[in-house]
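S.K.: Here is how the chains run, residue by residue.
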Amino acid sequence: MRIAIPVDEKSLETSVCVSFGRASYFLIYDTDSREKVFVDNSAAYSQGGAGIKAAQYIADSGVSALLTPRCGENAAEVIEAAKIKIYKTINDSISDNINAFNEGKLAMLKEIHAGFHGHGGK
Amino acid sequence: MKIAVLSGKGGTGKTMLSVNLAAAAKKSNYIDCDVEEPNGHLFFQPKELVMEGISVKIPYADDNLCNGCRKCMDFCRFNALAYVKDKLIVFEEVCHSCGGCSLLCPERAIFEKDRLIGQVQRGISDNVTVITGILNTGEVSGIPIIKNILNIDGAEKDYTFIDCPPGSSCIVMESIKDADYCILVAEPTLFGVHNFNMVYELVRLFNKPYGAVLNKCLEGENPSEVFCREKGIKILGRIPFDKEIGTLNSNALILARQNKKYKDMFSALLQIVTEEVRHETVTNP
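Respectively, the protein sequence lines represent chains A and B.
Taking our numbering, I'd label the letters of the first sequence as residues 46 to 167.
Taking our numbering, I'd label the letters of the second sequence as residues 1090 to 1374.
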């Protein structure tokens, strides 16, 4: 199974990005082969609709799950339409989250926010 | 003549001034472009109300005709479209109604429907035709409403007063676009001067003739007056910081209709503004 995680940097030491739509990169991880691929998030610098564009990429990438600390409602609509499950990350460590996912310990992301759209956020 | 009343900062007296100038004129239009929070109608209490819904065009796709080429998505600068499991998803709040996707679709699979974003209320208050733009709560942009309310034939009226939203953003630009003259309302605070400067730069950018009205004037130095002197901005008039004015205005009463003193004050101001506009039309037609 392949999963996606928004990340800050293109390296194995990177941390999970606090934003989904405006993350710099996505880590696409194959739980069977343990292969890790970093891809650029072309939506990161969109003027608007970054979540939708990023979600479109994730939907097209053929992953089965998205691990993210948060997700906006527009992005979630696209991801859910693609039948991709959204899990909530437990901390900012890539390996902790992958391990937790493999052990079935990650919970589904329940709070889908209405987007910050230039108004910041916590 | 179309006269826009604007100020960078909220609460400087745009509505008070435009309502009273409209009331002081023999026959006029008052157009409330502050569509997020229109309040001019509270003063005028217009009668014979006519309401009209304002809609924007939103795309939708016929899934049977769409072949998933995604040309529409690549075109959309706002990322308002997604395509998942052979279905086009339209994010209506993100769409800016440019119509590009439906024009571009090679399969002619995209059609447009109306989405209501607000309304326009027209009514009469004695000598004033009151036109109010009202944007529904939660909508992103009131510009389609402003385009509608400013598209009036004001020929039979001597004056049209445009009560602008605060600030200097695109919604204000839309409001002053066709104005013959801009009145900048300023209050005597440093914060007020900062925002006054923003609209001053805006009207210069738009090459509009302009003048300032200093509101809430107190004894002593007025930072807005100093600013006008420095920049060579013509001061059209001064309204004192006065308890009676404040009380009447906060009770939604029109000063110029309350007593002769204020009627004369705004009539005199209107006369000055009128001469300025005529002078501008002669020198810069």
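No lab work stands behind these hints, which were simulated from the structure alone.
Among the hints, erroneous ones may be present.
[Claimed, not checked] Capping the alpha-carbon separation at 20 Å, the derived lysine to aspartate or glutamate pairs in EDC-like fashion look like this:
id, chain 1, residue 1, chain 2, residue 2
1, B, K1174, A, E148
2, B, K1176, A, E148
3, B, K1115, A, E118
4, A, K128, B, D1152
5, B, K1176, A, E122
6, A, K130, A, E148
7, B, K1174, A, E118
8, B, K1174, A, E156
9, B, K1174, A, E125
10, B, K1160, A, D105
[What the hints assert, rightly or not] Residues from chain A shown here face chain B by an in silico Cβ test under 8 Å; the list is partial:
id, residue
11, G94
12, A100
13, A104
[As the list claims (entries may be wrong)] Partner residues aside, some chain A positions facing chain B, computed with beta carbon under 8 Å:
id, residue
14, L57
15, I135
16, D137
All C-beta atoms, glycine included, are put in the ideal place defined by N, C-alpha and C.
S.K.: Could you run down the list of hints and mark each one as holding or not?
M.R.: Status of each hint after checking the structure:
| no. | hint | result |
| --- | --- | --- |
| 1 | B:K1174 <-> A:E148 | violated (29 Å) |
| 2 | B:K1176 <-> A:E148 | violated (34 Å) |
| 3 | B:K1115 <-> A:E118 | violated (53 Å) |
| 4 | A:K128 <-> B:D1152 | holds (19 Å) |
| 5 | B:K1176 <-> A:E122 | holds (13 Å) |
| 6 | A:K130 <-> A:E148 | holds (16 Å) |
| 7 | B:K1174 <-> A:E118 | holds (19 Å) |
| 8 | B:K1174 <-> A:E156 | violated (24 Å) |
| 9 | B:K1174 <-> A:E125 | holds (11 Å) |
| 10 | B:K1160 <-> A:D105 | holds (16 Å) |
| 11 | G94 | holds (3 Å) |
| 12 | A100 | holds (7 Å) |
| 13 | A104 | holds (5 Å) |
| 14 | L57 | violated (30 Å) |
| 15 | I135 | violated (28 Å) |
| 16 | D137 | violated (27 Å) |
In this structure, the earlier hints numbered 1, 2, 3, 8, 14, 15 and 16 are contradicted, and the remaining ones agree with it.
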